[in-house]
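There are 2 protein chains.
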Amino acid sequence: MREPQQERSRTTRRRLLEAATACLPELGWTRTTVAVVAERAGVSRGAAQHHFPAREDLVTAAVQHISDVQVAELHEKAAQLPSGPVRTEAVVAMLLDLYTGPTFRAALHLWVAASTEEQLGAIVRPLEAHVGREAHRTAVELLGVDETVQGVRETVQATLDLARGLGLANLLSDDAARRRKIVRQWTALIEPTLAEASTGARSAG
Amino acid sequence: MREPQQERSRTTRRRLLEAATACLPELGWTRTTVAVVAERAGVSRGAAQHHFPAREDLVTAAVQHISDVQVAELHEKAAQLPSGPVRTEAVVAMLLDLYTGPTFRAALHLWVAASTEEQLGAIVRPLEAHVGREAHRTAVELLGVDETVQGVRETVQATLDLARGLGLANLLSDDAARRRKIVRQWTALIEPTLAEASTGARSAG
Numbered sequence: 005m006r007e008p009q010q011e012r013s014r015t016t017r018r019r020l021l022e023a024a025t026a027c028l029p030e031l032g033w034t035r036t037t038v039a040v041v042a043e044r045a046g047v048s049r050g051a052a053q054h055h056f057p058a059r060e061d062l063v064t065a066a067v068q069h070i071s072d073v074q075v076a077e078l079h080e081k082a083a084q085l086p087s088g089p090v091r092t093e094a095v096v097a098m099l100l101d102l103y104t105g106p107t108f109r110a111a112l113h114l115w116v117a118a119s120t121e122e123q124l125g126a127i128v129r130p131l132e133a134h135v136g137r138e139a140h141r142t143a144v145e146l147l148g149v150d151e152t153v154q155g156v157r158e159t160v161q162a163t164l165d166l167a168r169g170l171g172l173a174n175l176l177s178d179d180a181a182r183r184r185k186i187v188r189q190w191t192a193l194i195e196p197t198l199a200e201a202s203t204g205a206r207s208a209g
Numbered sequence: 005m006r007e008p009q010q011e012r013s014r015t016t017r018r019r020l021l022e023a024a025t026a027c028l029p030e031l032g033w034t035r036t037t038v039a040v041v042a043e044r045a046g047v048s049r050g051a052a053q054h055h056f057p058a059r060e061d062l063v064t065a066a067v068q069h070i071s072d073v074q075v076a077e078l079h080e081k082a083a084q085l086p087s088g089p090v091r092t093e094a095v096v097a098m099l100l101d102l103y104t105g106p107t108f109r110a111a112l113h114l115w116v117a118a119s120t121e122e123q124l125g126a127i128v129r130p131l132e133a134h135v136g137r138e139a140h141r142t143a144v145e146l147l148g149v150d151e152t153v154q155g156v157r158e159t160v161q162a163t164l165d166l167a168r169g170l171g172l173a174n175l176l177s178d179d180a181a182r183r184r185k186i187v188r189q190w191t192a193l194i195e196p197t198l199a200e201a202s203t204g205a206r207s208a209g
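So the sequences go chain by chain: L and Y.
Per our numbering, the very first residue in the first sequence carries number 5; after that it's consecutive.
Per our numbering, the very first residue in the second sequence carries number 5; after that it's consecutive.
For chains that are exact copies, the list does not tell them apart, and a pair is met inside one copy or across any two.
Below 20 Å or equal to it, Euclidean Cα-Cα: the simulated DMTMM-like pairs (lysine to aspartate or glutamate) are:
hint : residue 1 : residue 2
1    : Lys185    : Asp150
2    : Lys81     : Glu138
3    : Lys185    : Glu151
4    : Lys81     : Glu93
None of these hints come from the bench; they were simulated from the model.
Model the full assembly from the supplied sequences, consistent with the hints where possible.
Right, here's the structure in full:
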């Protein structure tokens with residue numbers, strides 16, 4: 005009986021995390037309470053509070069969970085990309101789309117709330133740093149570049165900062181058409197720097 | 005008697021706009037009410053409501069006002085910049101610092117609230133578009149480039165999207181040291197594109 009119970013517990017936890025991620029961009033931080041998320045997930049309030057005593061725990065775990073899922077998805081998608089020169093543009097497109105969905109909007113609600121609430125800020129700051137490092141590591145891998153070559157680290161950082169800015173531009177209106185043109189131009193601008201720092205993995209498919 | 009009264013009215017209005025911009029990043033959208041802003045500005049609630057019947061009017065006027073002030077300040081600062089090759093990096097530094105202060109945080113609270121409140125979204129969307137166009141026009145002027153040259157418009161757009169992403173990265177912690185390195189690398193990446201599209205104004209000081 006032990007295994008199924010652990011599995012049920014994991015399922016409950018995952019449903020709560022997914023419900024929290026869905027609630028944040030719809031309701032904002034103030035209205036995303038453990039009770040509201042439990043109801044959305046179809047989980048009793050008691051069970052929800054057993055997993056996540058406070059809303060801070062629930063929401064930060066949700067952002068962490070979805071960030072992990074996104075990184076895994078990026079690796080999967082990248083494995084299917086063609087090798088050769090079209091690869092860079094495809095990777096740049098994936099990276100610049102990274103923050104245009106509901107997950108980024110959920111995180112954004114959390115970051116903005118954390119900027120006015122000191123207690124929440126203390127929880128969110130290390131989470132933001134961790135999520136940022138994971139995204140950076142993933143971008144370096146997918147682009148297949150050696151970070152120790154001069155200017156490469158900053159180029160990758162700028163790509164992810166640009167992605168966050170594009171996420172913001174996509175918040176209130178669909179910005180996909182403009183973003184496609186920026187992907188093309190951005191790729192053209194950074195391609196020479198990346199080519200000089202290639203680890204070989206970037207054209208290996 | 006007419007002139008001083010008009011002037012008093014303008015002063016009251018400006019004090020309300022400045023108080024609203026100060027309140028938003030501290031208190032968030034939910035707690036930034038006309039009453040709270042009026043108290044901060046040292047203006048009676050009646051006078052505040054005469055100028056701004058609803059909080060939406062007050063807050064959007066504040067974001068608009070501060071955007072105008074910022075654009076004017078950019079032009080002033082740019083007029084003092086040296087001519088020649090160092091000018092581009094100085095302009096890029098100004099642009100990439102654009103969204104790292106309390107004004108951006110105020111606007112961010114407004115954008116995020118607008119993403120969950122349809123009524124507010126309808127007011128904020130055209131404001132965001134207007135502020136974005138002004139920033140773009142200013143960037144084109146300060147960089148001294150011809151936008152009709154291929155790739156230039158997207159390069160300028162990417163610079164401002166990058167600036168917004170850097171604003172986000174600066175929300176919870178001071179990101180200035182990392183930003184300085186990105187300014188240098190970004191300038192190196194876009195300089196060839198800008199040089200080909202120079203209007204002559206960019207080296208004119």
